[in-house]
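J.: From first to last, the protein sequence lines are chains B, P, H, G and A. So for the first sequence, the working numbering puts the first residue at 1450; every next one is plus one. So for the second sequence, the working numbering puts the first residue at 1450; every next one is plus one. So for the third sequence, the working numbering puts the first residue at 1450; every next one is plus one. So for the fourth sequence, the working numbering puts the first residue at 1450; every next one is plus one. So for the fifth sequence, the working numbering puts the first residue at 1450; every next one is plus one.
Among the hints, erroneous ones may be present.
The list treats identical chains as interchangeable, and a pair is accepted whether it falls inside one copy or across any two copies.
Calculated pairs, BS3-like style, for lysine-lysine (alpha carbon to alpha carbon, straight line, at most 27 Å) [stated by the list, open to error]:
#, residue 1, residue 2
1, K1497, K1570
2, K1696, K1550
3, K1527, K1610
4, K1570, K1527
5, K1768, K1643
6, K1527, K1800
7, K1527, K1615
8, K1570, K1494
9, K1639, K1571
10, K1480, K1643
11, K1480, K1639
12, K1800, K1615
13, K1497, K1550
14, K1639, K1610
15, K1550, K1489
16, K1550, K1527
The hints are simulated quantities; they were obtained by calculation from the structure and are not laboratory data.
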Amino acid sequence: MPRFFKKVMKKSGLAPGTLLYTNEKRMEKAKITIIDYDEKDLQEKVVKTMEECLPFKASPTVTWINVDGLHEIDMIEKIGQLFDIHSLVLEDVLNTGQRPKCEDFGNYIFVVLKMLSYEEKKHEIRAEQVSIIIGPNFVISFQEIEGDVFDPIRERLRASKGRIRKMGPDYLAYALLDAIVDNYFTILEKLGEKIEYMEEVLVTNPAQEILHTIHHLKRETIFLRKSVWPLREVVNILERSESDLIKETTGIFLRDLYDHTIQVIDSVETFRDLVSGMLDIYLSSISNRMNNVMKVLTIIATIFIPLTFIAGIYGMNFKFMPELEWPWGYPLVWGVMLAIFISMVFYFRKKDWL
Amino acid sequence: MPRFFKKVMKKSGLAPGTLLYTNEKRMEKAKITIIDYDEKDLQEKVVKTMEECLPFKASPTVTWINVDGLHEIDMIEKIGQLFDIHSLVLEDVLNTGQRPKCEDFGNYIFVVLKMLSYEEKKHEIRAEQVSIIIGPNFVISFQEIEGDVFDPIRERLRASKGRIRKMGPDYLAYALLDAIVDNYFTILEKLGEKIEYMEEVLVTNPAQEILHTIHHLKRETIFLRKSVWPLREVVNILERSESDLIKETTGIFLRDLYDHTIQVIDSVETFRDLVSGMLDIYLSSISNRMNNVMKVLTIIATIFIPLTFIAGIYGMNFKFMPELEWPWGYPLVWGVMLAIFISMVFYFRKKDWL
Amino acid sequence: MPRFFKKVMKKSGLAPGTLLYTNEKRMEKAKITIIDYDEKDLQEKVVKTMEECLPFKASPTVTWINVDGLHEIDMIEKIGQLFDIHSLVLEDVLNTGQRPKCEDFGNYIFVVLKMLSYEEKKHEIRAEQVSIIIGPNFVISFQEIEGDVFDPIRERLRASKGRIRKMGPDYLAYALLDAIVDNYFTILEKLGEKIEYMEEVLVTNPAQEILHTIHHLKRETIFLRKSVWPLREVVNILERSESDLIKETTGIFLRDLYDHTIQVIDSVETFRDLVSGMLDIYLSSISNRMNNVMKVLTIIATIFIPLTFIAGIYGMNFKFMPELEWPWGYPLVWGVMLAIFISMVFYFRKKDWL
Amino acid sequence: MPRFFKKVMKKSGLAPGTLLYTNEKRMEKAKITIIDYDEKDLQEKVVKTMEECLPFKASPTVTWINVDGLHEIDMIEKIGQLFDIHSLVLEDVLNTGQRPKCEDFGNYIFVVLKMLSYEEKKHEIRAEQVSIIIGPNFVISFQEIEGDVFDPIRERLRASKGRIRKMGPDYLAYALLDAIVDNYFTILEKLGEKIEYMEEVLVTNPAQEILHTIHHLKRETIFLRKSVWPLREVVNILERSESDLIKETTGIFLRDLYDHTIQVIDSVETFRDLVSGMLDIYLSSISNRMNNVMKVLTIIATIFIPLTFIAGIYGMNFKFMPELEWPWGYPLVWGVMLAIFISMVFYFRKKDWL
Amino acid sequence: MPRFFKKVMKKSGLAPGTLLYTNEKRMEKAKITIIDYDEKDLQEKVVKTMEECLPFKASPTVTWINVDGLHEIDMIEKIGQLFDIHSLVLEDVLNTGQRPKCEDFGNYIFVVLKMLSYEEKKHEIRAEQVSIIIGPNFVISFQEIEGDVFDPIRERLRASKGRIRKMGPDYLAYALLDAIVDNYFTILEKLGEKIEYMEEVLVTNPAQEILHTIHHLKRETIFLRKSVWPLREVVNILERSESDLIKETTGIFLRDLYDHTIQVIDSVETFRDLVSGMLDIYLSSISNRMNNVMKVLTIIATIFIPLTFIAGIYGMNFKFMPELEWPWGYPLVWGVMLAIFISMVFYFRKKDWL
């Protein structure tokens, strides 16, 4: 459950704009990495204090500041001062229970979204909050823990592959978003495989444990949906933004990104349909099995109860029971019993129970 | 149920604008508190009659009049006269079954919303109506009972913490709304914990009592939803308002508030999905248990009914039953019975019932 | 069912605008009441023929013509001629299966809505059609039968209470609509009490008859919903109307009315949720009870069938059954049976069936 | 099923605009009727070839050409040439699996809708396609088979009843549409009666056959819905059309027609709700009956199985069974059995099973 | 499942615009066919390298380049260079898990949609991606495998049938889209027949295997829906496009195409309703059958268990059992048993179980 409401609550009662990290401390020490580049040069640096970023702010080159770990509130506050970020934005950066959103503050654009990962041990999807601030010549990204999703982008920057070095901070931001959304497909694939596997199991051996797995899948789908749905609007706002910060050349890429988010949402909806279909099938197959159990009981009981009754009759100790004296009494009773047995079997066969 | 329709009905037949408090009297005496402040000074006062408020109305400072307890209709009427409030607004203030809403009356804005609290004894969410009137230099807030949700705001005002003393009545109103919405997260957390606990119970020990707890959770979710959904529009109207009463600098805070209400609604919807999922799981697990009960019965009956039949056969008292005379008759019968028993057990094992 | 489609069908094949009353005759004689008033004077009159209304039409005072009983088609036609009402409007007045609607015809506005009442005997909600025509200085209201919902308004007019005498026909029309919508809350309360009662019964004693009561509640909710939903748009159209017939000062009252209709709709939706939740609970509790029945059967059968088998064994009449000769045979068998019995009881206790 | 996809498929692979009648031939020979009228005169004629229509086209009078039977493709093509109709329109006229729609082609408006009829034998709703082309001084209507729904309009034309002779082709088209929509109410009534009847049966005697009747009703509702839903938009487009072909005076009638279609849709939705409610009730009552069956079995078995066990005990043949020798043994056993019997009966009574 | 997420995932981590074919290689060698035509001439050619297309690009005639097989990335890249196509478009062409979409790039319009086919062996719908690029004087279409859906268009081009040779590349594109959408109706018919067949089976013989067939139908419907829903918007965008590439004369055809897609979507929705109705019926009929099984068991057990008990009584070996000595004891017991039997049968008949 805590996944569903990451301690947004702690904030209750504080003044708006008060900075407070709302999750457990996940890293020893926050890590700030700076990549500063233009078409010709690229400079990479790990800094200790935010003040070291200041020279990059003035230069016309694109500066990407990546912050891993959000528990050092002083540092976040410093960033706010240096880059003139509104305190509500900083609050949202730290409050990791945010809903994905995109806000235009005039001199910068603020984007929050979720980085998903699949925790194999717990079979659970985990969501980390990633916040991105797009300024005129810088991009600041905040992550809760150090991740490797942005590594390919770093590689492309270093190798000057593709158009990334030739374009501005808006394209860089797009590349970061694209990396995150692309990563969703990995999660979808994991979930998709699980569902596919479950559907097969459902047909061949619908055991009882399946119920909890279906429930689990349902919860994961609800969770996924919650993280992914607002994305559609986020990217849409970004694409239709009339801000100067988003250049027209980047628009086409954002449209492509938008298509991908729609595709993700589409798949999540399909998952929902499939999982809820699975529950129906499971319920039906329980009923079917119950039916079969009942049939076995009914057949056996219906055949043998009357026979046992007959045996009971001739087990009575009345003095005057003429049948008992007949020499053919015993075989006769056997005959009657056999007749009943056979006619019962015929009856059940006719009813398609055998 | 009365929670769902707080006596809106009593009004039926009266002229529109007739003042009538529609809930039981909840406080001994209504309590009026005034906080009057600007950036430099702050004055706090508990008044007896509304006339004492009048001097504050004329002054350019921001005046916050908080009224706890709504049963003194004369007083409410007085406020209406002094601050030129429409009688329909006063009616809505008193009629505590209102739906959250926001209306712009030109010289003031009227906001109704629900303050939620969790009553531990009844395991129920309670909703109090809070009405806020935002004027050019005053804010009037009405509460049914004295609450402590606004205390942190009073503290901030007194301590002159944050920007609150520097800003106008619109920011004060925002702060009040923010305090109420922040408070929702506490309720969400309570409900979330309950749901989490229920889900665990559902897996480990799905007893019969669970059904009513699920039903109860469902009702609470419906109730929560009813209180929370209209909020979205309320805050949206406030944010997009073109009234002079809402300054542009407050807009950004209202947007933040809007994000929070969306988050609350999102969580309530997730609760709905989770609770309805729980019912499905519960129903399936009942079916499963029934299946297991049936299997035990079927196994025992199917094994022993035929055996008892055989025993019945040789309990018959026919004179001429050759088997009875055989020296090996008795062990033979045991042998046959054992054979039937073993083959039955194999059959059930093959069918995965054992 | 006829409630759901009040003989709209009879019309089929007639020219549009043909007048035809589509319900059974409900009153002996139609009754026309006229109240003519301005701020100073008020004149009240029961008339026989419509021609008597004519003088009031010319005067600048507000004239309220109330018609109870719709079966005298000539009279309705006459009204049409005198007040220049379109024949399609008259057709709608008579055709009592109309959906609530609001249409602006330039020189008058036509409003149709439903007056609801709760028939205690049949436990059913009844809907009467009320049509209101708002002209420049008159209001004509049509009711199927004489009702008492408008009585408080008459009282207010006579007593000159509130603002009603000072305002125009638009306010009068608003007052009529308000009276009708206020009346809905009485119905809601009735239904709400029933649902509340049913929920309690559901917990304490979910007997079989409940099923039909739930079904009945569901149908009433569907019916209520059908009557109430279109109201939202009706009042909205009226509020946003740019017609000269609706003065700006009435706008604020219509907005209040709009809030009330939203509240009614909200409650109906909540009812739907609650009733459908009740069905789920009922179904689950049937399953639960079945489970309990099965458990009793299974426990008894599973314990005694094997014991009976053992008794059957030693009831066989084989000549050579050494156990029968043992002096301790009988107590031994009792011992074995007791052992089986106790271990069974333990088994069921472990399985939580006892 | 073919009802649901009236052979739209045959078209696959042909060039757009290729004329092909997609239904079985339903009439011996197509029949073309012409009614040409203005306020003074009316001329009626059954023609063999389309060329006979030509003189009417030029005249300023309103010409209504009604074509019954669509299998003579040459004739349809001829109409297209004479009245300058787009080949895609002709294709749609012939392809009777069209969805109701309304298209403005500048010099004419093309309307497709469904004429419904209830086939008593199969208890099925049948849908015939009716296409209407509204030109500046003519209306062409196409029907698959000769129907009688338009007869009242012919009567009104001949008798010059109402305003129909005074108005243009747009009013004629409206009259045709109105006749068709009015006809829907007959179908609704049929279905409504069936549902009402079923609800009663459901309460009194929920036999097994009901299931298929409910399913059948559901299918009919789905079918009705499919035919009726698009109508809303069709009439709306027509009403809001800015084409010169629709005069303003007809607008008010189209609005009335629009209200009727909304009413039809409303009823279909109510049917859906009612039918799905019936299924729920049916399922619950099956469960209830099963419960009752189980109770009878459980009561009988639970009472007699232990008693039979006791009888079995004293049917054993052990040599040393002291009870057997007791003079009061037999009555004592009877006593014990009676005690068990009575306590069982009490137990079941307490559990409310008896 | 792979059908639902055709390996969109592989892309993850690559730079946007990197070309990569995301499906298995399905053809030996890509095949490029060129048809170049104007009203007078038509030239057809199979080319090896894309350079051969170049002369056609310059000519004013319409050029249709059809590419079957997407695994030769070099070739696709070449096309991009020659016709100045954006790398993101080429990426989408190759990434066959795209959602149907339509994008206007100024000098060309890019359309992606799904070609459906029914694989008889697996009873599955297959979807191939078809991409169409509409330029000022050319149309490029990409297919994953060689298909025959476009053959009728080729025929019409060669035979100069219809208007196709007289119109531009936009009409050609329309013709291609129309061919694909027409093809959907074949799939619908297949599915429709299956559903119809299943409904019949459901009534006559609802065996257990049906469950998986229903589930299968449901999945196919979900899949179909996913492929077809976005089409609506695609065609709508195309129709409302203000691009110079879509001439006004083609608009009317696109509107017709739009109607067809709505019809397809309508049918898919109807399928959904029908299939989900089938599941309800199936579940009900399982319950019904269970009920019948239970009845048989209950009747037999309820009749014979008490009789067996009586027999058991007189099988006891008490010394003093006066009944055993009676000469009429045995026939009397038979009489009692018969009486019980008959009264039981009456009881069950009264309960309608026999």
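J.: Each hint should be assessed against the structure and marked as holding or not.
T.: Cross-check of the supplied hints:
no., hint, result
1, K1497 / K1570, "neither (34 Å within a copy, 52 Å between copies)"
2, K1696 / K1550, "both (20 Å within a copy, 24 Å between copies)"
3, K1527 / K1610, "between (33 Å within a copy, 20 Å between copies)"
4, K1570 / K1527, "neither (38 Å within a copy, 46 Å between copies)"
5, K1768 / K1643, "neither (72 Å within a copy, 65 Å between copies)"
6, K1527 / K1800, "neither (81 Å within a copy, 62 Å between copies)"
7, K1527 / K1615, "between (30 Å within a copy, 23 Å between copies)"
8, K1570 / K1494, "neither (35 Å within a copy, 58 Å between copies)"
9, K1639 / K1571, "both (14 Å within a copy, 24 Å between copies)"
10, K1480 / K1643, "neither (36 Å within a copy, 38 Å between copies)"
11, K1480 / K1639, "neither (30 Å within a copy, 35 Å between copies)"
12, K1800 / K1615, "neither (78 Å within a copy, 68 Å between copies)"
13, K1497 / K1550, "neither (30 Å within a copy, 47 Å between copies)"
14, K1639 / K1610, "neither (30 Å within a copy, 49 Å between copies)"
15, K1550 / K1489, "neither (34 Å within a copy, 37 Å between copies)"
16, K1550 / K1527, "within (23 Å within a copy, 40 Å between copies)"
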